[in-house]
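The chain contents come next:
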Amino acid sequence: MLMDALARLSEWIQLILQNKYSRAGFFIILFIVILAIGAPIIAPKHYAEVDLNNRLRPPSLQHLFGTDELGRDVFSRVVYGARIALWVGILVVTIEAAIGVTLGMLAGYYGGKIDKIISAITDMVWAFPPLVLALGVVTLIGPGLVNVVTAVAIVSWPTFTRIVRAKVQSLVNREFVLAARAIGESDLSIMLRYILPNVVPTIIVIATLSIPSAILSTTALSFLGFGAQPPTPDWGAMVSDGMSQLTRAPWISSFPGIFIVITCLGFNLLGDGLRDILDPKLKM
Amino acid sequence: MTEPLLRVVDLKTYYKTSAGLVRAVDGVSFEVYEDETFCVVGESGCGKSTLALSIIRLVPYPGEIVDGKIIYRGIDLLKLPESEMRKIRGKEIAMIFQNPMNSLNPVFTIGFQIAEAPIIHFNMDSKRAWRKAIELIAKVRMSDPDVRARNYPHELSGGMRQRTMIAMMISCGPKLLLADEPTTSVDVTVQAQLLKLLMDIKKERRMSIILITHNFGLVAEVCNRVAVMYAGKIVELGPVREIFRNPMHPYTRGLMKCLPIGTKRKGQLYTIPGQPPNLINPPPGCRFHPRCPYRTEKCRKEDPPLTEVEPSHYVACHLHR
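Residue numbers (this note's numbering), protein chains in the order written: chain H, 2 to 285; chain U, 11 to 331.
Don't read these hints as lab results, they were simulated from the structure. Cβ coordinates follow ideal geometry from the N, Cα and C atoms, glycine included. Take these hints with a grain of salt, some might be off.
So these bits of chain U aren't anywhere near chain H, every CB distance computed over 10 Å [claimed, not checked]:
(1) Asp20
(2) Tyr43
(3) Asp77
(4) Pro116
(5) His131
(6) Ser181
(7) Leu205
(8) Met209
(9) Arg215
(10) Gln278
(11) Pro292
(12) Thr317
Restricting the straight-line Cα-Cα distance to at most 27 Å, the calculated cross-link-like pairs of lysine-lysine (DSS-like) are [stated by the list, open to error]:
(13) Lys117/H - Lys26/U
(14) Lys114/H - Lys22/U
(15) Lys114/H - Lys26/U
(16) Lys22/U - Lys308/U
(17) Lys137/U - Lys149/U
(18) Lys168/H - Lys26/U
(19) Lys114/H - Lys89/U
(20) Lys22/U - Lys311/U
Starting from the given sequences, assemble the full structure and let the hints guide the process.
Right, dumping it as structure tokens:
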């Protein structure tokens, strides 16, 4: 089983590397992941270390990305920020997927009344501008990174529900599902063992493509001051911190901003590549 | 006569579509005895597949069994709760589908899929079920069962997939097998092999088979009794020899004339004029009358009931009363 999984993983990575865009995406993500994991080694200073003698220093060899108002090393903060960005992105998408896939499966599988109710709820949530709704939720449950993650997840699961529902609907009438019923499988077993495995590729693609918007939403909320509280090196919060010094020390805001862009770009490229790879029409 | 294995009484299965009520199966009655091959023949869209799906209670939405009885070994299947019905499916009654390309789960090996039913119905542990699956793969005459068991469906040909399907469906020793055009989507040589395989298994296990087909040639080869369906109703029913020797319903006669071997005329094959009726709004009276060469005024008004014209030979036609 383990060898099987490893073999399949390496096969996937090879496929990813074959495509120009997904290769770029893959290496960008790999780079960010290495930053996140190796942060204590890569970063020359701790992200919260204040050095009031070296405030607002421009980028130099000593401080690659310069220093901020409190003399903290921006490079170190950006590196540690990768941890938060990845953690937030993955956590948000996991929660979204858990809610969205469950509802999508139920709606697609049972159809009828259950489908109507779930679709109505999905459309309602979908109709709100996500950031405004997330702002509302954060105002209700209070600021903080965990709350922001919850809020973003609560407002953005409908993407999953809609796509999974459509995919399940197309699978439910396939003959192998009928055959599964004909040997006496229960509904739960059919959903988990016959339908879910066939939806997994789709889920992976949506998940990868949802990570950047999750990161963007959380950084936006942090930028507005609802998310990570100081001195947490959240990229959104860092952009916001540097705003007041934008003309004097543009590096404080720019570098975390650039990293937000790079990370999102990486996930988007990877997601697009995965979509091509997992498209059954190309595979068959 | 002995008690039949399956008795279908006045079964009605309708699809509630936005265009109207489609009467796919409209008052069908027949019996299937033990160790018998019963054929249902008819054109596409005459309700044969819906009939099979109704027996195992898997009519897809928006279809619904609106009336009738399906009595299997003295139990009315239509009155069973879904949980009890699930115990019947696979163990007592199983069904083979038309298209083997779509009827296997693409993400699991075929051994795993064959082992599934014994695990559900007999609580077999997975090692024993796996061994059983390998035995079954050998039984449906595939070479190298150990290797095949680890294959995924996309690695197999259409014929092998249909064999897998057969193995899956006989794994729990059902008494009744519904075969919905099991050989339609494979080529002719494979068709013959599959049919022989099915018949050998049937003989060995004393199973009954309801074979659904549009191929009269197939009927002649393997069946004991035949029901000819037209527009949701059975128009003629009887022992296969009797039907071939003396087809009584004009539709059955037409179908026989369509057979390439049966016709003496050179060149063109015979076709029954006209189209099968729309089942949302079927013609009044006898449903075949618009296409029937012998129609009378009575046929337009009155629907002929299925009556026993000769011993165990039933016909629904005003010509034979």
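Each hint tested on the structure:
| no. | hint | verdict |
| --- | --- | --- |
| 1 | Asp20 | holds, 24 Å |
| 2 | Tyr43 | holds, 22 Å |
| 3 | Asp77 | holds, 22 Å |
| 4 | Pro116 | violated, 7 Å |
| 5 | His131 | violated, 6 Å |
| 6 | Ser181 | violated, 8 Å |
| 7 | Leu205 | holds, 20 Å |
| 8 | Met209 | holds, 21 Å |
| 9 | Arg215 | holds, 17 Å |
| 10 | Gln278 | holds, 36 Å |
| 11 | Pro292 | holds, 26 Å |
| 12 | Thr317 | holds, 34 Å |
| 13 | Lys117/H - Lys26/U | holds, 18 Å |
| 14 | Lys114/H - Lys22/U | holds, 25 Å |
| 15 | Lys114/H - Lys26/U | holds, 16 Å |
| 16 | Lys22/U - Lys308/U | holds, 25 Å |
| 17 | Lys137/U - Lys149/U | holds, 18 Å |
| 18 | Lys168/H - Lys26/U | holds, 24 Å |
| 19 | Lys114/H - Lys89/U | holds, 23 Å |
| 20 | Lys22/U - Lys311/U | holds, 21 Å |
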